[in-house]
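K.L.:
Those protein sequences? They're chains S and E, same order as listed. Numbered continuously in the numbering used here, the first sequence closes out at residue 492. Numbered continuously in the numbering used here, the second sequence closes out at residue 486.
Just so you know, the hints here were simulated from the structure itself, not pulled from any lab data. A portion of the hints provided could be inaccurate.
Derived DSS-like pairs: lysine-lysine, alpha-carbon spacing no greater than 30 angstroms straight-line [said to hold, decoys possible]: (1) S:LYS112 with E:LYS445; (2) S:LYS114 with E:LYS445; (3) S:LYS202 with E:LYS202; (4) E:LYS374 with E:LYS445; (5) E:LYS202 with S:LYS168; (6) E:LYS374 with E:LYS202; (7) S:LYS110 with E:LYS328; (8) S:LYS212 with S:LYS410; (9) S:LYS29 with E:LYS202; (10) S:LYS33 with E:LYS461; (11) S:LYS114 with E:LYS374; (12) E:LYS413 with S:LYS110; (13) S:LYS114 with E:LYS461; (14) S:LYS168 with E:LYS374; (15) E:LYS202 with S:LYS110; (16) E:LYS357 with S:LYS29; (17) S:LYS112 with S:LYS410; (18) E:LYS328 with S:LYS112.
This is what each chain is made of:
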Amino acid sequence: MSVNLPILSLLIFAPLLGAVFILLFTNEKCEEKAKIIALWTSVITFIISLLVWKNFDATNASMQMVEKFEWVREASIFYHLGVDGVSIYLILLTTLLIPICILASWNSIKEKIKLYMVLFLLLETLVIGVFVSLDFLLFYFFFEASLIPMFIIIGIWGGDNRVYASFKFFLYTLFGSVFLLLAIIYLYTQFGTTDMLALTEKAPELSLKTQKILWIAFFASFAVKVPMFPFHTWLPDAHVQAPTAGSVILAGVLLKLGAYGFLRLSIPMLPDASVYFANLVYILSIIAVIYTSLVALVQEDMKKMIAYSSVAHMSYVTAGIFAFNMQSVQGALFQMLSHGIVSAALFLCVGVLYERMHTKRIDKFGGVVKVMPRFALMFMVFTMASVGLPATSGFVGEFLVLLGIFKDNKIVSALVATGVVLGAAYMLLLYKNVVYGEIKNPEVNHLKDLDRYEKLTLYPLALLAILYGVLPYLITNDIAPSISLLLNSVTK
Amino acid sequence: MANYIYILPEIILAVFALVMTVFGVFRQNCNKTTQVIFGLNTILFVALIYIFFLIDKGAKTNLTFLFDDSFVFSHQIFILKSIVCAAVSAVNIIALGNSNFAGENSRKIFEFPVLITLATIGIFIMISAVDLMGIYLGLELSSLAMYVLVAMNRDNEKATEAGTKYFILGALASGILLYGASLIYGFSGSTNIADLVYLLSKIETIKEASPALVLGIVLLFCGMFFKLSLAPMHFWAPDVYQGSSKIVLAFISTAPKVAIVAVLIRFISHFSGEVEKQFEMIIAIVAVLSMLVGSFAGLVQENIKRLIAYSGIANMGYLMIAVLLSDKESIDAAVIYLTIYIITGLGLMAIISVLNKNNSEDTENISDFAGLSKLNPYYAAGLAILLFSLAGIPPMAGFWAKFVVFKQAINAKLYVLSVIGVVTSVVAAYYYLRIIKLMYFDDIKPGVTKLVADDVLNINKLLIAAIVIFTLTLFLYFDSFSAMLG
């Protein structure tokens, strides 16, 4: 593969091309065709991302496969792309989850299929765009635009309360993002560039006071996206109302945008302020871990429970990022990927049950294992991965994060670790109530086990969850050089 | 004689308006007359852009003063006038396809396009005038034409009310403006802005200036704020917009704003020192109030025209941030903002003007748009893109408009103003999203089978498509776009 091929642009625009193709060549009558085109497009995109991965040199910490063109000449804003160890696996996660989302929607989405597929491909373009942009304005461009497809996906194909959820999602996130925009503009007026690499070098020179204000502006945007306590309230609503694939992509990828922002932007550009605010992030993360885990314990709706567990799991990520050492940040990134796989799979499992019973209430289920053994096995794998059982990917992330924080602050580490216990409590409770026990609801007797689409979506994720649990070095080795580069500015 | 070259477009327009009046009188009973005039108008205004271009190319100096320094022509004025020309031809295209601009038998009212032409002459005069007299004459010419346009649908209660309100309040504002002008003349001895600016540049602090002179300028500004519907002088806008037909609305919500912004810029960009700071403060207050009123009051509107009025108030508020800074880049930013706002607004009006229920009832309320995406996915998608643009979401054009303005504001350290600006833009996003929600998330209202008129002209569709594509793809060529306007 020649290096000169603009492979990252190809990666960004392949889904968009597929979306345009669907718009031009299908009509309302042959919506089946839209599904097939969308699936092929996403598979091709996944293959392109694998090529990127193959080309990726894990020993090199700096940006690779860089593309740089002038975009707004007068303002010296560039179309600047590149990948490093931090972004490469997030890109792979995205390109992996999109085909799975499309498969998961194959039979469950029945109206406006064409628009649905177009929006998913558009979302893929925008999310990959966020992960590969090296220009701050370009980053913002993709970051903000990704609201539109998600807003419409929740609003059209969501549950009964979808309008409320979609508005809450959109306005919350927009409210956070506009401050990020102001911060970007401020950096631009100070340094005359929006190039991330240049800003990473220059911005740390700003005074602590300025850094603090900018950090808060960054934080407003990323904390809402992660979401961190107390900005998390949009997430349960969005998850409960979103269609299954919408929840998958929301939990799997969109939440990672916020954490990625902290890692790529807040820490390297504003190291002093990041250190200054690290305790704040610790406190919010601890509250989130304990509080949302307790809230998850009492949920009656499966999706809501997993949504709250997402908040708790993402708190490990934020706490890990702000412990600023190799293990914790590695763990945070690993946890992001693991959570991307596991929570996505858990939402798929809920979707499997919802498709059959049209309810997500836990008390309507029980004894599912008797009629759906394959499903029960899959659900077991992901529950265990979510709990953080050794030999699953969830364990590696949590362990590294706790280890890293322990080095920094033992009390914080102990408090965050309570989340592991609480997480086990609610996930096992969920599993017990849904899968085991007597069949109380006669409808459960008629449930059919996984069909081939569902197998196709769940098996690969289960495989990955175990593979990365057993062989974590496959990822940790690749991400280490880039992380140590990112942490350089903090440790100095 | 050379002077007259520069006002050739105005002369052409005036002659054209008079000829068309006579033409219309002689063919009064023919329904086609109005259509013909609309068509000629469209072509004429496009042609005028070319004439302006030639004049600009032929101009020997950057800034050409004519007629005893009362009239000015420059590259920037060429840009502004071209924007107006393009906007007015778009309005004429919208009107071509919509037979209902003034109630029953609208087609027989051939004065309608003539009045649009006359109003545009007024706008041109204002853009070029450096003399208070010129500004006032241009303002009155355009305002009087617009009062008549609004009241044109005389069988409609709302239109009559709107016309009366617009006339009385507009006359009051003109009176305030004229009083301010007379004070300025009385205490400076000149009606020329250049003289006034020279006089003010001599003084160190505002206290040295004669209070009456300062009062005169403030009153003049108040009149301008009124015409631009800036809070707290915005009360007329929602009522007048609601009573106007969609075609009139497409005109009055776009083209005249260019003229007033041009006049404000002419004043504020020549002030300096302490005086500038004082007037910046006035504009800053007006900008903040407009952003707040426009976004919060818009939340509760059910009528689409009132919503457009409030959206306009908020947008003019953002624009004022760039106007008050008044350095070269900020004025460029203001022009970019204004252009994008006008293009988006015209696209919005072009789509809204073809919407009606079952080809009979007009769509007045936002709730009438329910289920548009199911009946007419293309119009719904177009409208959604324009609304996302107004909400300032990338990659739409509206994002770039906000970006350039906030860039100037941050550059000038106007942090508070910027924060208020972005927060109100989130609030305003709610009402734009509400329309998208109705179109996409809600079901069609019972009994409604059609939401788009059957007889939409191809040229109208073309206009809508062009504006939507521009809005969506501006990010690809924003570079050349801003260079062109700069």
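K.L.:
Determine for every hint whether it applies to the structure shown.
P.N.:
To see whether the hints hold, each was checked on the structure:
1. For the hint pairing S:LYS112 with E:LYS445, the CA-to-CA distance comes to about 19 angstroms; that is within 30 angstroms, so the pair holds.
2. As the CA atoms of S:LYS114 and E:LYS445 are separated by approximately 23 angstroms, the hinted pair is consistent with the 30 angstroms bound.
3. Distance hint between S:LYS202 and E:LYS202 is unfulfilled; the C-alpha atoms sit about 43 angstroms from each other, more than 30 angstroms.
4. Distance restraint check for E:LYS374 and E:LYS445: the Cα-Cα separation of roughly 11 angstroms lies within the 30 angstroms cut-off, and the hinted pair is therefore satisfied.
5. In summary, the hint linking E:LYS202 to S:LYS168 is not supported, as the alpha carbons are separated by about 55 angstroms, beyond the 30 angstroms threshold.
6. In summary, the hint linking E:LYS374 to E:LYS202 is not supported, as the alpha carbons are separated by about 65 angstroms, beyond the 30 angstroms threshold.
7. For the hint pairing S:LYS110 with E:LYS328, the CA-to-CA distance comes to about 55 angstroms; that exceeds 30 angstroms, so the pair is violated.
8. Only pairs whose Cα atoms come within 30 angstroms are accepted, and S:LYS212 paired with S:LYS410 is accepted, the gap being roughly 26 angstroms.
9. The straight-line distance between the Cα atoms of S:LYS29 and E:LYS202 is roughly 74 angstroms, outside the 30 angstroms bound, and the hint therefore fails.
10. For a cut-off of 30 angstroms, the pair hint linking S:LYS33 to E:LYS461 stands: about 28 angstroms separates their Cα positions.
11. About 13 angstroms separates the Cα atoms of S:LYS114 and E:LYS374, which keeps this hinted pair within 30 angstroms; it holds.
12. For the given pair, E:LYS413 sits about 52 angstroms from S:LYS110 by alpha-carbon distance, which is inconsistent with the 30 angstroms threshold.
13. Distance restraint check for S:LYS114 and E:LYS461: the Cα-Cα separation of roughly 23 angstroms lies within the 30 angstroms cut-off, and the hinted pair is therefore satisfied.
14. Between S:LYS168 and E:LYS374, the direct Cα distance comes to roughly 24 angstroms. Compliance with the 30 angstroms bound is thereby established for this hinted pair.
15. With a C-alpha separation of about 74 angstroms, the suggested pairing of E:LYS202 with S:LYS110 is violated against the 30 angstroms cut-off.
16. Between E:LYS357 and S:LYS29, the direct Cα distance comes to roughly 26 angstroms. Compliance with the 30 angstroms bound is thereby established for this hinted pair.
17. A threshold of 30 angstroms between alpha carbons decides the hint, and for S:LYS112 with S:LYS410 the separation of about 53 angstroms lies outside it, so the pair is violated.
18. A C-alpha spacing of about 49 angstroms is found between E:LYS328 and S:LYS112, which places the hinted pair above 30 angstroms, so the restraint is violated.
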